[in-house]
Amino acid sequence: MKLTLHIWRQPNTEADGEFKTYELPDVSEHMSFLEMLDVLNEKLISEGQEPVAFDHDCREGICGTCSLMINGQAHGPDRETTACQLHMRRFKDGDEIWIEPWRAKAFPVIKDLVVNRSAFDRIMQAGGYVSVNTGNAPDANSTIVPKQNADLAFDAATCIGCGACVAACKNASAMLFLSAKVSQLALLPQGQPERKSRAINMLKQMDEEGFGNCTNTNECEAACPAGISVENIARLNRQYVSAVLTSRD
Amino acid sequence: MSWVTNAIKSSIGRKFLVACTGLLLCGFLVAHLIGNLLMYIGPEVYNNYAHTLHSQEYLIKIAEVGLLVLFIAHLWLAIEASGRNRAARQTRYAVKKSKLPNRKIPFAITPENYMLVSGIIVLIFLCIHLGDFTFNLTMPEKIEGLEPYDKAIVIMRSPISAIAYVIGSLLLMWHLWHGATSMFQTLGLRHPKYDGLTQNFGPVFATIIGLGFATFPIYAWLVPYNPPAPNPDAPEAHGEPDSHSMNTIPAWQPASDRNELPG
Amino acid sequence: MSVLQSNVPDGPLSEKWTRHKNNLKLIAPNNKRKYNIIVVGTGLAGGAAAASLAEMGYNVKAFCYQDSARRAHSIAAQGGINAAKNYPNDGDSVWRLFYDTIKGGDYRAREANVYRLAEVSANIIDQCVAQGVPFAREYGGLLANRTFGGAQVSRTFYARGQTGQQLLLGAYSALMRQVAKGKAQIFSRQEMLDLVMVDGMARGIITRNMVTGEIERHAGDAVLLCTGGYGNVYYLSTNAMGCNVTATWRCYKRGAYYANPCFTQIHPTCIPVSGDYQSKLTLMSESLRNDGRVWVPKKVDDNRPPSQIPEEDRDYYLERRYPAFGNMVPRDVASRAAKERCDAGYGVGEGKAVYLDFKRAIEEQGEKAIEAKYGNLFHMYKKITNENPYETPMKIYPAVHYTMGGLWVDYNLESTLKGLFVLGEANFSDHGANRLGASALMQGLADGYFVAPYTVGNHLAANDLERKKIDTKNPAFDAVEQDVRGRIDTLLSIKGRRSVDSFHRELGLTMWDFCGMARSADGLRQAIEKIQTIRHEFWENVHVTGTGQELNQELEKAGRVADFLEFGELLARDALAREESCGGHFREEHQTAENEARRDDENFAHVAAWEYQGDDVEPVRHKEELEFENVQLTQRSYK
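Chains L, Y and W are the protein sequences, given in the same order.
Quick note, my numbering runs 164 ahead of the 1-based positions in the first sequence.
Quick note, my numbering runs 479 ahead of the 1-based positions in the second sequence.
Quick note, my numbering runs 91 ahead of the 1-based positions in the third sequence.
Any given hint might turn out to be false.
Unchecked claim - Result set (DSS-like, lysine-lysine): computed pairs, CA atoms no more than 25 Å apart in a straight line:
#1 207/L x 586/W
#2 509/W x 586/W
#3 473/W x 256/L
#4 509/W x 125/W
#5 672/Y x 269/L
#6 116/W x 311/L
#7 488/Y x 368/L
#8 450/W x 474/W
#9 648/W x 344/W
#10 389/W x 123/W
#11 334/L x 672/Y
#12 450/W x 389/W
#13 368/L x 311/L
#14 621/Y x 311/L
#15 560/W x 107/W
#16 509/W x 112/W
#17 560/W x 116/W
#18 459/W x 311/L
#19 488/Y x 360/L
#20 389/W x 112/W
#21 488/Y x 184/L
#22 344/W x 459/W
#23 586/W x 560/W
#24 575/Y x 334/L
#25 256/L x 474/W
#26 564/W x 125/W
#27 269/L x 488/Y
#28 368/L x 272/W
#29 166/L x 256/L
#30 256/L x 575/Y
#31 125/W x 112/W
#32 166/L x 575/Y
#33 473/W x 564/W
#34 560/W x 207/L
As the list claims (entries may be wrong) - Residues from chain L that face chain W, not an exhaustive set, calculated with beta carbons under 8 Å:
#35 189
#36 192
#37 220
#38 224
#39 290
#40 303
In case anyone wonders, no lab produced these hints; they're calculated from the structure.
Glycine included, every Cβ here is placed at the ideal spot set by N, Cα and C.
Work the whole structure out from these sequences, hints included.
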């Protein structure tokens, strides 16, 4: 199939970006979306042009590196799918495709479609862990976790940290990302001792990074390739308010 | 008390307060609607209610101040949050599409995307409403000395007011459609067992409140009504009222018909 | 006597590690802050080591090429992690886990290392649970286990099909905690390009900041390489696109020995290659073979769709050849059998695939039961191939998955270069010639949490590094940095006519054809020649766009492919020198009459460790003889 691609090109963070249009004449429907970009880059290199920079690594939907806004949808049209798992059979001959980077003040563009998501790491540093040093763990089966809680914690823990929630949210809020980690640890006995400080500190960091607030539009849940539920945001709200009202700090 | 200011400044604290103030305002709406519905029982019942209410001078003052605080807080928090939310994305997308299954249109005109807009329009309407009823600014000479029931009918029989009241009520409905569901999520009140209930609460509540209020201007136009003279010292303005014939002609009839009435 | 001192402590197998720990030198708690440790790679091994060392009080600098430490490729591991907990009460023990791992590795691993691995395996599960890793649980709230290949007990802990992800996020969160405390620093989007040796000890690294292009110097008292395997030398593999050999290869060129590079694991059940543009292969879990039946048509070039091929025209070749184990033969055997059928012309699809059929399982157990077991895998298969495996058999083919070889290390995980420690897949130590399922996660975390933190301290104390402080102004850094800059400038200045990827693809094809599932002396000699030719053309004709002072993905790839082009040759040389078939290494000359692998314990029960001698000079092959005092060597048979 033949495609027309409108791709955001931006040499670096400071420079202004713009859309450039490329024609790709021979796209096989069996290609993945990123392989289609590989083919484009191969073509650009052969013409002596700069290839398009885009983030990707595992190409099997788990590392969370790929981050493309495809025709206005984070990771493209399919639900619970990352851009690397998207296949060209989803498009048809003659289609025009707009490809943009994640856009958020907290995710500055580094180059073309590559953005800086280190804000997520800093949110994690603010409390996304259980304080246990190597070697001082009790026997694994000494902690009993009801299966339902373990399953819910697992569902929250599957977040791949790609940032699609931020990209899709009209407020560029990272509330789904934050709530997934807070929920995972709030649902497990291991997370209880630091439950209050975790919710307060991680939220504070999220606010400081310049992410927006949640207005419950549920776009994040729809865009999330790991299928994280907004129920976690409700849990985060509960955790946060009770932490603020009852913590001794 | 720095924990209080910190909490209020935080994004969750802020939206929690928006939800709380919204919830209280919803309570006011319910009370207000129930009070107004007394109009349908009869002018005497409604007038009685209004007089009793207004005789509680201190309570009214407290309630008015409270409501004012709620409105200002709700609005101020929302405007502030909205500004921050806009700042969180400086470059807009060239193309943006929802991935929600029930929302395929780009930038769908859905309540949740326009809460600030609907909220501000509701605010403007509220100002008009207060101007009409509380401060008697819009038609002071027409309503002076009228009983509450008559005053309401007279005000809403003005075509501009009627349209404003219907639009205001419908926008309030639109605002509540999202707000009254969203507040459960914000307050953390979620459980799979009750999700169905909370998901539908907003639309049902919004419909009841919005349509409930919208009935009043419509009623005012449909009801056969003869307003008593605003100023009993100037009978020539209306002449001798012929209550029987006046009562048979509703306000929506063409003006020419009304001109032919005996006067 | 060999130059390779394994430093395995004396004493009975089960007491070696305890005794060794008792003898290791310690650094006093308040002195630890005087030492700087460099950790390269933030996967299971690197993340765990960086977090543990920082917890102990050392200053840790952790480097990764990804944009976040959480994205290392350990995250993609699906199945699970082994541990000798014996929770299911089926008679498991440290000894059994040790024995299964040694045997599964075809007797090419060091006994003491493997025993230690089995010993600390239980602590890993404790540690991860305490971190909040949501392992699968039974209804009573206790941990659940499942069975994996090569074992007769249930000892695999798992978190649905995402065990690697959950374990990695556990290690990552521990590391993030140390970053918040100021004990660890993360350098993401930084690629290690060379090692700096000062007075015979590894004391620093040269990195490239992948965002600004800046070449940076980092000094420390020890360097830990946790940089994963070299599977991408085949171009197509289940590795992530960025996985590379550069860090270990640069250390090899600075004097570390490379051990057993020919031991590569080819996983039998992957989604086959289609088209020339394919960039990456996707694994379908080994568990599918519990219910799926592998077959090809009995006739060559039978182009009928699978549904129209009647039972009598199907060849269930695994069940035919290995009646005892059937479809559940080990990975290496299943992979070779698939290749043999396809090479003989019976392959389906584009000729490079066999069917994995669930028809009988669905008939017997119902679609619901199969969906409950494999729903997510079937869904993934459909997403990629657009075919519904409930209705039509899956097409699968083997693909490169894991590499058992790596830098040679002693019992302390220290390479032949003092102060250079190698952990996880990057070293060679624990899996011999073949790795069992669910053992990679175990090894990475064992090295990172429970081994290196002790042995690194010993190195610091024993060598009195407190009195040997250096900084990045040391002249040794000048020389290495100049090398690094020179290489980058050369790559950028060639401006030839071929893209980096085209060379990588060509190298990959050569490796796959001649050093893949079956190797012969003749083919390997051809491969060495071909690799040299590709390498020479690369340095004359590669086109790297852009400059060095920016984010330049072509330049990153070029550096990695340049190293693969050298490394591939060493892999072929190692395969040529190992005149036997064992585990993942199959030499056509060394097979039984029934086409099974024939090991040569008399001549090859050793580790081959290669020493660099200079570019275009043949490296020297050293041997570390493997002594088996506790297990009896037997020939594997699955008939």
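Verification of the hints:
With a C-alpha separation of about 16 Å, the suggested pair residue 207/L and residue 586/W falls inside the 25 Å cut-off, and the hint holds. Between residue 509/W and residue 586/W the CA atoms are separated by roughly 39 Å; this puts the pair beyond 25 Å, and the hint is violated. A hinted pair counts as satisfied when its Cα atoms are at most 25 Å apart, and residue 473/W with residue 256/L qualifies at roughly 19 Å. Distance restraint check for residue 509/W and residue 125/W: the Cα-Cα separation of roughly 19 Å lies within the 25 Å cut-off, and the hinted pair is therefore satisfied.
The suggested pairing of residue 672/Y with residue 269/L is violated, with an alpha-carbon distance near 38 Å, which exceeds 25 Å. Proximity of residue 116/W to residue 311/L is assessed by CA-CA distance (about 44 Å); at most 25 Å being required, the pair is judged violated. For the given pair, residue 488/Y sits about 10 Å from residue 368/L by alpha-carbon distance, which is consistent with the 25 Å threshold. For the proposed pair residue 450/W and residue 474/W, the alpha carbon gap of about 20 Å is at most 25 Å, so the pair holds.
A C-alpha spacing of about 19 Å is found between residue 648/W and residue 344/W, which places the hinted pair at or below 25 Å, so the restraint holds. Proximity of residue 389/W to residue 123/W is assessed by CA-CA distance (about 67 Å); at most 25 Å being required, the pair is judged violated. For a cut-off of 25 Å, the pair hint linking residue 334/L to residue 672/Y is broken: about 29 Å separates their Cα positions. Only pairs whose Cα atoms come within 25 Å are accepted, and residue 450/W paired with residue 389/W is accepted, the gap being roughly 18 Å.
This hinted pair does not check out: residue 368/L and residue 311/L have alpha carbons roughly 31 Å apart, beyond 25 Å. For the hint pairing residue 621/Y with residue 311/L, the CA-to-CA distance comes to about 71 Å; that exceeds 25 Å, so the pair is violated. Among the hinted pairs, residue 560/W with residue 107/W is inconsistent with the structure: their alpha-carbon atoms are about 33 Å apart, more than 25 Å. In summary, the hint linking residue 509/W to residue 112/W is supported, as the alpha carbons are separated by about 19 Å, within the 25 Å threshold.
Simply put, residue 560/W and residue 116/W have alpha-carbon atoms about 19 Å apart, close enough for the 25 Å limit, and the pair holds. For the proposed pair residue 459/W and residue 311/L, the alpha carbon gap of about 22 Å is at most 25 Å, so the pair holds. With a C-alpha separation of about 17 Å, the suggested pair residue 488/Y and residue 360/L falls inside the 25 Å cut-off, and the hint holds. As the CA atoms of residue 389/W and residue 112/W are separated by approximately 59 Å, the hinted pair breaks the 25 Å bound.
With a CA separation close to 41 Å, the supplied pair residue 488/Y and residue 184/L exceeds the 25 Å bound. Under the criterion of a C-alpha separation no larger than 25 Å, the hint pairing residue 344/W with residue 459/W is inconsistent with the structure, at around 55 Å. Of the supplied pair hints, the one linking residue 586/W and residue 560/W is violated, its CA atoms being roughly 42 Å apart against a limit of 25 Å. For the hint pairing residue 575/Y with residue 334/L, the CA-to-CA distance comes to about 10 Å; that is within 25 Å, so the pair holds.
A distance of roughly 17 Å separates the Cα atoms of residue 256/L and residue 474/W; the hinted pair therefore holds under the 25 Å criterion. The straight-line distance between the Cα atoms of residue 564/W and residue 125/W is roughly 19 Å, inside the 25 Å bound, and the hint therefore holds. With a C-alpha separation of about 19 Å, the suggested pair residue 269/L and residue 488/Y falls inside the 25 Å cut-off, and the hint holds. Distance check on the hinted pair: residue 368/L and residue 272/W sit about 17 Å apart at the alpha-carbon level, within 25 Å; holds.
Between residue 166/L and residue 256/L the CA atoms are separated by roughly 8 Å; this keeps the pair inside 25 Å, and the hint holds. Restraint check: the Cα-Cα separation between residue 256/L and residue 575/Y comes to about 20 Å, which is no more than 25 Å; the hinted pair holds. At roughly 22 Å between alpha-carbon atoms, residue 125/W and residue 112/W fall within 25 Å of each other, so this suggested pair holds. Straight-line distance between C-alpha atoms of residue 166/L and residue 575/Y comes to about 23 Å, which keeps the hinted pair within the 25 Å bound.
Restraint check for residue 473/W and residue 564/W: not satisfied, since their Cα atoms lie roughly 56 Å apart, outside the 25 Å limit. About 51 Å separates the Cα atoms of residue 560/W and residue 207/L, which puts this hinted pair outside 25 Å; it is violated. Taking 8 Å as the C-beta contact cut-off toward chain W, the hint placing residue 189/L at the interface is violated, the least distance being around 14 Å. The closest approach between the C-beta of residue 192/L and any C-beta of chain W is roughly 6 Å, which is under the 8 Å cut-off, so the hint is satisfied.
Given hint, residue 220/L at the interface with chain W, holds; its Cβ is 6 Å from that chain's nearest Cβ, closer than 8 Å. Annotation: residue 224/L was flagged as interfacial toward chain W, and the flag holds, the nearest CB pair being 5 Å apart, inside 8 Å. The interface hint given for residue 290/L holds, since its Cβ lies 7 Å from the closest Cβ of chain W, which is under the 8 Å cut-off. At its closest, the beta carbon of residue 303/L sits 6 Å from a beta carbon of chain W; the interface hint therefore holds under the 8 Å criterion.
Violated hints, in rising order: 2, 5, 6, 10, 11, 13, 14, 15, 20, 21, 22, 23, 33, 34 and 35; the structure is consistent with all others.
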